[in-house]
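Protein chains in written order, with numbering that gives the first Met the number 0: chain A, 0 to 172; chain B, 0 to 161.
Hints listed in this document are in silico derivations from the structure and should not be mistaken for laboratory results.
There could be a bad hint or two in this list.
Stated by the list, open to error - The calculated lysine-lysine pairs, modelled on DSBU-like cross-linking and capped at a C-alpha distance of 30 Å, are: (1) A:87 to A:23; (2) A:87 to B:20; (3) A:23 to B:20.
Claimed, not checked - Cβ-to-Cβ under 10 Å is the rule here; a few derived chain A residues that face chain B: (4) 28; (5) 32; (6) 73; (7) 82; (8) 146; (9) 163.
Note that CB positions come from ideal geometry on N, CA and C, so glycine has one too.
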Amino acid sequence: MSAPPATPSAPTTTRRGRVTGRAKLDFWFDAVLLVAYTVVYSYGFTGDVIHEWLGIGIGAALLLHLTLHWDWVVRTTSRLLNPRGHDKLIWLVNLALLFAMTLCVLSGIAISRVALPELGIDTTLQTPFWFRLHVLTAEVTVGLVPVHVALRWRWIAGVGRRMLSWRPWGHPR
Amino acid sequence: MDRRGRPPHALVASVGTPAVKFLRQFAAVVAVVAVVVLLGLAWNRFAPSLPGEGPGGEVAVAAGSVAKAQPHGPNAAPGRPVVLRGKAPPGSAGIRINGGGTPALDLGDLLQPVNLAVLRYNAELEAVIIGAVVIASASYRSLRRSWRARTRDSPPVDTDLS
Chain A
0 MSAPPATPSA PTTTRRGRVT GRAKLDFWFD AVLLVAYTVV YSYGFTGDVI HEWLGIGIGA
60 ALLLHLTLHW DWVVRTTSRL LNPRGHDKLI WLVNLALLFA MTLCVLSGIA ISRVALPELG
120 IDTTLQTPFW FRLHVLTAEV TVGLVPVHVA LRWRWIAGVG RRMLSWRPWG HPR
Chain B
0 MDRRGRPPHA LVASVGTPAV KFLRQFAAVV AVVAVVVLLG LAWNRFAPSL PGEGPGGEVA
60 VAAGSVAKAQ PHGPNAAPGR PVVLRGKAPP GSAGIRINGG GTPALDLGDL LQPVNLAVLR
120 YNAELEAVII GAVVIASASY RSLRRSWRAR TRDSPPVDTD LS
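Using the sequences and the hints given, assemble the complete structure.
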């Protein structure tokens with residue numbers, strides 16, 4: 000049985016064991032996304048203004064995140080019916096996260112009190128449904144995001160170890 | 000010219016440059032997200048109720064924010080605006096409640112210990128979940144590896160009954 004690729008979308012290392020530029024981009028972009036998500040979820044910490052603008056920013060960043068890993072999505076989806084296919088659990092978690100995160104951002108935009116009015120957009124969706132949906136999906140995402148991260152711990156550990164290891168004069172160990 | 004007699008640039012165009020590939024994938028992502036958005040809008044339009052919603056009014060809306068009140072709890076009553084979005088750390092004095100009107104960008108609030116505790120609590124919660132999943136995943140891999148090694152090393156079963 001062949002091992003699953005270490006990274007969802009692209010080769011992690013070059014032949015000389017160095018981390019590829021794409022892996023670095025994935026690593027740091029996802030790290031920033033995780034920190035931003037933790038901050039934006041802490042509504043009591045941020046208050047309205049930062050919560051809403053950062054939430055909209057995370058929504059846009061998630062589109063980019065999904066685009067960068069679209070190859071993995073297509074590859075894994077096409078192998079779902081294969082009994083020896085890998086990543087079924089990760090695929091399910093990611094699908095649930097896609098729904099929860101999208102609905103969270105959508106409901107957040109619907110109940111926006113600061114960001115959309117500042118943009119001159121007057122939403123007419125300020126109904127209890129959207130408030131409740133925002134809370135519910137936020138609570139679902141706070142459970143799924145760490146699982147989403149942790150299911151890739153081997154890739155994170157591998158890339159992180161290579162990137163943070165000290166190499167004198169640029170020579171690989 | 001390639002084997003089909005096309006000029007080189009035609010071959011490149013048929014494969015797609017990285018920018019074209021990125022745009023194509025981005026369009027696919029936007030389409031998928033649009034489907035989820037439409038499902039959300041349809042949910043609101045045709046069945047605007049959520050799982051876990053009871054008739055007692057567990058969820059109340061106050062001052063433009065969601066207040067999740069426990070209808071039979073000691074500190075909360077239906078309709079009482081208590082807890083806003085986000086998690087309050089256990090034992091903390093509570094989280095900042097934003098009043099009505101246009102909220103201002105008050106960065107000074109971020110440094111208040113009571114507000115910082117909310118962030119710390121959420122970070123710890125995520126760290127605990129990550130740690131639990133990593134331990135479970137590593138244990139599962141270790142078990143599978145040892146099981147495979149055992150089956151590989153064991154002698155073949157003699158099924159000859161003669």
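Do the hints match the structure? See the list:
Restraint check for residue 87 of chain A and residue 23 of chain A: the C-alpha separation of about 25 Å stays at or below 30 Å, so the hint holds. About 26 Å separates the Cα atoms of residue 87 of chain A and residue 20 of chain B, which keeps this hinted pair within 30 Å; it holds. Only pairs whose Cα atoms come within 30 Å are accepted, and residue 23 of chain A paired with residue 20 of chain B is accepted, the gap being roughly 20 Å. The beta carbon of residue 28 of chain A comes no nearer than 14 Å to any beta carbon in chain B, farther than 10 Å, and the hint placing it at the interface is violated.
Evaluation of the residue 32 of chain A hint against chain B yields a violated restraint, the C-beta minimum of about 13 Å exceeding 10 Å. Satisfaction of the interface hint for residue 73 of chain A is found here, the shortest Cβ-Cβ separation to chain B being roughly 8 Å, below the 10 Å cut-off. Hint on residue 82 of chain A is violated. Least Cβ distance to chain B is approximately 16 Å, over the 10 Å limit. Because the beta carbon of residue 146 of chain A sits about 5 Å from the nearest beta carbon in chain B, less than 10 Å, this interface hint is met.
Checking residue 163 of chain A against chain B by beta carbon gives a least distance of about 18 Å; that is not within 10 Å, so the hint is violated.
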